[in-house]
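Trainee: So the protein lines, in turn, are chains X and R.
Each residue of the first sequence is one higher than the last, beginning at 1 in my numbering.
Each residue of the second sequence is one higher than the last, beginning at 1001 in my numbering.
Keep in mind the hints are simulated off the structure, nothing from the lab.
Don't take every hint at face value.
[To be verified] Mimicking DSS-like on lysine-lysine, the simulated pairs with C-alpha atoms at most 25 Å apart in a straight line are:
{"hint": "1", "chain 1": "X", "residue 1": "341", "chain 2": "R", "residue 2": "1169"}
{"hint": "2", "chain 1": "X", "residue 1": "344", "chain 2": "R", "residue 2": "1169"}
{"hint": "3", "chain 1": "R", "residue 1": "1009", "chain 2": "X", "residue 2": "325"}
{"hint": "4", "chain 1": "X", "residue 1": "341", "chain 2": "X", "residue 2": "325"}
{"hint": "5", "chain 1": "R", "residue 1": "1066", "chain 2": "R", "residue 2": "1211"}
{"hint": "6", "chain 1": "X", "residue 1": "415", "chain 2": "X", "residue 2": "429"}
{"hint": "7", "chain 1": "R", "residue 1": "1346", "chain 2": "R", "residue 2": "1066"}
{"hint": "8", "chain 1": "X", "residue 1": "62", "chain 2": "X", "residue 2": "211"}
{"hint": "9", "chain 1": "R", "residue 1": "1346", "chain 2": "R", "residue 2": "1210"}
{"hint": "10", "chain 1": "X", "residue 1": "344", "chain 2": "R", "residue 2": "1129"}
{"hint": "11", "chain 1": "R", "residue 1": "1009", "chain 2": "R", "residue 2": "1169"}
{"hint": "12", "chain 1": "X", "residue 1": "353", "chain 2": "X", "residue 2": "452"}
{"hint": "13", "chain 1": "R", "residue 1": "1129", "chain 2": "R", "residue 2": "1066"}
{"hint": "14", "chain 1": "X", "residue 1": "62", "chain 2": "X", "residue 2": "204"}
{"hint": "15", "chain 1": "X", "residue 1": "62", "chain 2": "R", "residue 2": "1346"}
{"hint": "16", "chain 1": "R", "residue 1": "1009", "chain 2": "X", "residue 2": "330"}
{"hint": "17", "chain 1": "X", "residue 1": "341", "chain 2": "R", "residue 2": "1009"}
{"hint": "18", "chain 1": "R", "residue 1": "1066", "chain 2": "R", "residue 2": "1169"}
{"hint": "19", "chain 1": "X", "residue 1": "330", "chain 2": "X", "residue 2": "353"}
{"hint": "20", "chain 1": "R", "residue 1": "1211", "chain 2": "X", "residue 2": "353"}
{"hint": "21", "chain 1": "X", "residue 1": "379", "chain 2": "R", "residue 2": "1169"}
{"hint": "22", "chain 1": "R", "residue 1": "1310", "chain 2": "X", "residue 2": "341"}
{"hint": "23", "chain 1": "R", "residue 1": "1066", "chain 2": "X", "residue 2": "62"}
[Unchecked claim] Which bits of chain R does chain X cover? Going by a derived footprint, with three or more residues having C-beta under 8 Å, they are:
{"hint": "24", "region": "1079 to 1088"}
{"hint": "25", "region": "1113 to 1123"}
{"hint": "26", "region": "1162 to 1172"}
{"hint": "27", "region": "1321 to 1327"}
{"hint": "28", "region": "1346 to 1354"}
[Stated by the list, open to error] Derived CB-CB ranges, DEER-like:
{"hint": "29", "chain 1": "X", "residue 1": "374", "chain 2": "R", "residue 2": "1273", "range": "43 to 51 Å"}
{"hint": "30", "chain 1": "X", "residue 1": "67", "chain 2": "R", "residue 2": "1314", "range": "29 to 37 Å"}
{"hint": "31", "chain 1": "X", "residue 1": "352", "chain 2": "R", "residue 2": "1180", "range": "30 to 38 Å"}
{"hint": "32", "chain 1": "R", "residue 1": "1310", "chain 2": "X", "residue 2": "326", "range": "25 to 33 Å"}
The beta-carbon is built from N, C-alpha and C at its ideal position, and this holds for glycine as well.
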Amino acid sequence: MNYPVWQLDAAGGGLLIAMMAVFHVYISHFAVGGGLFLVLTEMKGLRENNQSIVDYVRRHTKFFLLLTMVAGSMTGVGIWFTISLLNPAATSKLIHIFVFGWAIEWVFFAAEIISLFIYYYTFGRMDNRNHVIIGWVYFGCAWMSLFVINGIIDFMLTPGAWIDNNNFWSGYFNPTFWPALFFRSFLAFMLAGLYGFVTASNIKDSELRVKLVRYCALWLVAPFVLFLGSAWWYRAALPPELQTLIFERMPEVRPYLNGFSLFGPVLMLGGLIMAIRMPQAITRPIAYIMLLIGLLYMGSFEFIREAGRRPYIIRDHMYSTSILKQDIAKVQQNGLLIEAKWVKNRVIREETKLEAGREIFNILCLPCHSVGGPLNNIKKLTRNYTPQGLDAKISKIDSFSPYMPPFAGTEDERKALAHYIAFGLNNRKDRKEDVVIQPIPDDQVPEFDIEKSKYVLLAWSDMGMRSVTDASNTWMMLPPGVTLNAQLIERGETPDVIVDGVTITYEIEENFINPAQRVAFWRNAAVLYNREVEANTGLTGNGLSGTMVPEQEWFSATLLPVFPYTIDNRYIPYPTFTLTARNSDNEIIAATKAASPSATEIACQYCHGGLWKMDDRAGISDVTAKNVLETHDRISGTNLQGMVENGMPVLCNRCHADSSQDAAGNKEQLNLSAAIHGFHANFLAGRGAAFCVLCHPSESGGATRAYRDIHRSLGLNCTYCHGEIEDHAISLLKGELANGKSRAAELLQHIKPANFASVDDVEPRQPWINEPDCLNCHVDFQIPEVDTTFNRWTDGEENLYRNRTDESGRIRCAACHSSPHAVYPAENPYNENRDSIQPLQYQDEPFPIGSNFNCKVCHTIDMEEEMHHGNMLREFRNQ
Amino acid sequence: MDPSVLVPKPDALPICWGWFQILLIITLFLHIILMNVMLGTGIIAFVNLFRSNGSATPLSRNISGKLPFAIAFTVNFGIAPLLFVQVLYGNFLYASSVLMANFWLSVIGLLIASYYLAYIFNYNYNSLKSGRILLLGFSVTSMLLIGFLMSNNFTMMQRPDVWVRYFEKPTGLLLNLADPTLFPRYFHFITAAIAIGGLSIALYYEYLHKKGDESAQEKVQYGCNWFGYATIVNYGFGFWFFGTLPAHVHNINTLTGTLIALFLLTAITLGGFAIVFSLRGQVMPTLYTVLMTIFLMILIRDLVRVAYLKPFFSLSDLTVVPQYSPFILFLIFFIGGLALVGWMLKLAWNALDNEEVQS
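Just chain R, with the same shape it has in the complex:
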């Protein structure tokens, strides 16, 4: 069966696709970073607890307090890219989602479980004993499972050639395990998360250090080491991932292939710098280089998808039935929302800061 027969017809866009592409990249970038902080710190805290046999450590206590926030914002910032990817690639994404429907829907259950477990972990942190490992372990495992399911869906959506498996099993129980890119991709994302988790720990303690807490310094290096070593390992996963990509994806005779090569070389270089900075304890330079690296990686990821889908679809195929006013209104609300949030954060900051000053 010719897989292009199965590709559903997309709906028309209200504005030019380029806008959605920009929104998608930006919001996905933010989501990935938040997710990395959430998952990375969760994993590091788990390892931390493991090493202490479940007894409380300052680091894990700290992370436990922040994990529910991290989850809340990761999810909130996950909504935006999910919206925009459905606008641009919905016809692919819905199809692959249905093929793995049971698994996809279980993400919600896993999310709720992971979130509530994180709260229980936090509220009962002091009274728990070895139960800390279990609670955090389950919470983090749920997150890891969600990530795995995400990887399945987002790889399967770009593989209409495997969609024909639906006819053997239409009950929503398919995954994309046979795809050679799945596992290296997944490990690459997870290891990156661990790295960013480490970096965010380093950043947090760097902030404390700047505010006068001397003991924070060793935690900064601790975080930086996590980042550095995880990133070194991640180079391995990255090359493995690249090696499993079909040749036509990174064919430099194509525009996408050229861009991928360009961005990848830049990212690899920047990543190298980030590793060096981190192992030397230079938190801010690490941050800047890694943010650029991640941004480039997000772009590469998108280009890879474009290449995979080229035989079936390109974004310029989408019809536009222009209606710009809702977009304009959204931008107005967005800017207003930023201002509102900024003002609220300032109020909160002042209230909490004052308190610390007073105490």
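Only chain X is shown next, with the shape it has when bound in the complex:
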């Protein structure tokens, strides 16, 4: 932020420091351990009076000198150069804190160089005793330079008390200082043996070669147990949240953890093999291979240590983005493009959005993400996201990815960043206009004679908006299942509700028959539901035509397997049913039509990538569905992808209870609604109804537009009754908390209420059962004085609007008013009258049955007194 950013692409993400540092560290630890190796081996040679060993030491010293003095020390300077270029702010910070640490290290370096030169060039020319002392001086100085740099490296990961007291010594002798020192020292001794193999295996005399190779094997193998012990100590010295982060929460780190666990024993095995007497032609190549494995071993450790520090460069103090932790709030408030110095686009304009996005990317993302390179390639990680999806993800990326920093910028800057990544890097071609809905012909309204007809047949689907997750090859969350209800009213001055002696049949319109030909649901149903489900029948055995079942005062046909795909593969989410009432003589006494909403427009692909499956507007493609599971596996530690690969698509409600599907779940997981809202609320917060419609098919420019009733026309959006997703999620999570599910608390901690001072103010609820009550606003059926009703729920299912009846207890509210979200007057996006068929049929007006003084519809005469419910004898208010 303070400094210019070196704009890299494929070499970004820290690749340069990774290469420079791993290379340097591998040689420099050898420079330490090898120092001890040299002097001890010389002493061994002198002690055993074996000049050939001493000669070996001299040759090994030449190799040692050429390797450590040039490649070793120059790459040490190289690290310094590299960090100054990749993160000058952090480098400046460290230099200003630890300048005298480095100055002390330099003293030891100088002494190291001089002692090594002396050691080599006076070999055989200085008396043995002094020569050995010079060797010890070299090792002492080398180890001390390790001692000194160790403090600074460990400080970056565990700054300890320095965070509070800014004291050099607290920062220096920080929590991981001592374990890391031992860890690195033992590693250095092991490396001495590893490098020793290279020179020892080159000895021509086979006796000496075997002897010294075995000696090197001892150096490699003997410290291993102590090395592991210090590794254990190192891990234990990490703060608990850091241990969780590194060993459980970082998918990126897992291959390196595996590498570290694997290569150690491999090296030990290799060491033991090298101890076997073998010809040089075998020992030499093995020595080089072992050296390579050692590099991978050490590299794995260093990668773990570096990655584990994320999102910080100096833990708890400075993020990898060079922004100080204490400055994040200020930057979020004022804007990154204002606070940063080296920025060209201080203001984001449409024409400079890509450029501004690149500048934001350079500061906030490039430190860890390459563009098209091997380290955390941003293109690969974001390829699935639409720009809006990316914006949503970035907004709360630190909640579930603790190695990511909170976004340091304003909303506009976040959008510009998302815009840049999506369009500038990933070349996306996302749809920018509304879905074009091809209108269908108006429905033919069935006949009704207000004077002569004897019956009124009312029909409605239980839900005004019914979503189906058409992804059954991979997972099934919401199965097809529209429940149709009907009531037959015998007209007269005192009308009667008829249930006995009549049959009501239903039949879906021809365009939608035989969905089994167009969807995979029935191919997967057996595996999903553990039982056979006959093609084109629903989960309660009903087909798309049949006879309704009478109960109490109404008829119903449950869970009809309606799919919104026509025979010619168009997406029309409102297939109509024709219902026919017949008397005991099989004569038709009444008929009507009702729309059955069934939508597969669920935009998981917004964040999870992939394309629409059907008609470029609906359905969840296999790619999208698999990506969803990939995320679920990664964050929740499941193996759902594995199940799918074994031919077993996943039924979400097997683990996540769903009362609307009579699924009990597995008692440990949150119920489906709490889980899915609770998780997604993190990323989709702060944007009100605009984000409800990503999953619920009500986008006003979408292909379904399922929220289509009078309330929408009056300007109320989803949040007026259901709350913003944050509050919605909190109420569900609190409901689960009351059920003793601790996972709810984990999800709750990241969500801030949108309209409440605290989470405590939100009332818990169970999904599908505790819902907004119309009467919360329409108090006593009067004109509402408020238009929002979040936080007051129905007590139980029987109080839900869709289940309630009028004062008489015999007529369902929905019979006259239609399904929730489609209450009359409703507008269907596909034609003029699909959601008003019955009102038009019975009273030539699209309003609720009997409104506008139309009691005649059932009563055949005008009524003077109100029944059914209060305030109904008046002009319909919203004409």
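The hints should help you fit chain R onto chain X, whose structure is shown.
Mentor: Chain R alone, transformed into the frame defined by chain X:
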């Protein structure tokens, strides 16, 4: 764009800036001298080989044996001033380093190449034929390139007014070629190195001469001549360099300007003496006067930087959050280190000296 907007905020110092300034000057002085010996002897050896068409000469053989040492110590003593300049001027230096990032990082590669080439040159000296010229040539060229990149960075760091070029090319590929001081400054440094290279040759052979080697005398004059003539040429580069400096830098109405004028006049005078001494073959007087000259030049260089940066920054702006104990500890280790090194050198000297006495 007002360039001061781009100047990064510096971090706080643990002790008063004056200490760092002293450390910087002293360690830079040592580094420059070592670098001059390394580069100067390398160039002279190269010319030497050139003149002999690549066949071995005693001088080039001698230098080849010492070049790896010279490189090692030059780098080691380069670390210290790099550390201290980052403490005092890091906010400028990091910015300019990023602007030329690719080039700056290539210094490491050039350094490793030059160092290994010097070793190969040394170890294979006897068996090489005309390959000597190539090897040494590449090694020395790498050093020259490093020097050029150093000049770029250290001139660019004091020019926040050119930093705005970053926005046209943020990929780390900028240099400071348009700066009128760059080339005269660079040539001035290189020519000085050649001069000191010559002087160090003279010193070495003077030492041998004192130990009884008569044939060494002509080499002493050889070295002194290199010094003298190179320094004469360097006066030209020096005046050119001075002429390209912006007027406000050496404005004697300012304290820095006055000091610069004072030091410069003294250095020019001392330098003149050094030339005379050298051409007369008087090695030690040359050494003393030139060391003083170089020290003054280091001071002038620093003052020039202060003047350049005055519109943006002065060292007294830096906040100090005092913590003296690490400094004290460093001084203790430093003195201890000196003692240790001194003792080791004595041991080595005795071992090698004895050998010569015995043989």
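Trainee: Now look at each hint and say whether the structure bears it out.
Mentor: So, going through the hints one by one against the coordinates:
no.	hint	in the structure
1	X:341 <-> R:1169	holds, 16 Å
2	X:344 <-> R:1169	holds, 12 Å
3	R:1009 <-> X:325	holds, 17 Å
4	X:341 <-> X:325	holds, 18 Å
5	R:1066 <-> R:1211	holds, 19 Å
6	X:415 <-> X:429	holds, 16 Å
7	R:1346 <-> R:1066	holds, 19 Å
8	X:62 <-> X:211	holds, 20 Å
9	R:1346 <-> R:1210	holds, 20 Å
10	X:344 <-> R:1129	violated, 56 Å
11	R:1009 <-> R:1169	holds, 23 Å
12	X:353 <-> X:452	violated, 68 Å
13	R:1129 <-> R:1066	holds, 20 Å
14	X:62 <-> X:204	holds, 17 Å
15	X:62 <-> R:1346	holds, 22 Å
16	R:1009 <-> X:330	holds, 17 Å
17	X:341 <-> R:1009	holds, 10 Å
18	R:1066 <-> R:1169	violated, 42 Å
19	X:330 <-> X:353	holds, 22 Å
20	R:1211 <-> X:353	violated, 76 Å
21	X:379 <-> R:1169	holds, 23 Å
22	R:1310 <-> X:341	holds, 20 Å
23	R:1066 <-> X:62	holds, 16 Å
24	1079 to 1088	holds (count 7)
25	1113 to 1123	holds (count 3)
26	1162 to 1172	holds (count 6)
27	1321 to 1327	holds (count 5)
28	1346 to 1354	holds (count 4)
29	X:374 <-> R:1273: 43 to 51 Å	violated, 60 Å
30	X:67 <-> R:1314: 29 to 37 Å	violated, 45 Å
31	X:352 <-> R:1180: 30 to 38 Å	holds, 35 Å
32	R:1310 <-> X:326: 25 to 33 Å	holds, 31 Å
Checked against the numbered hints given earlier, the structure breaks hints 10, 12, 18, 20, 29, 30 and satisfies all the rest.
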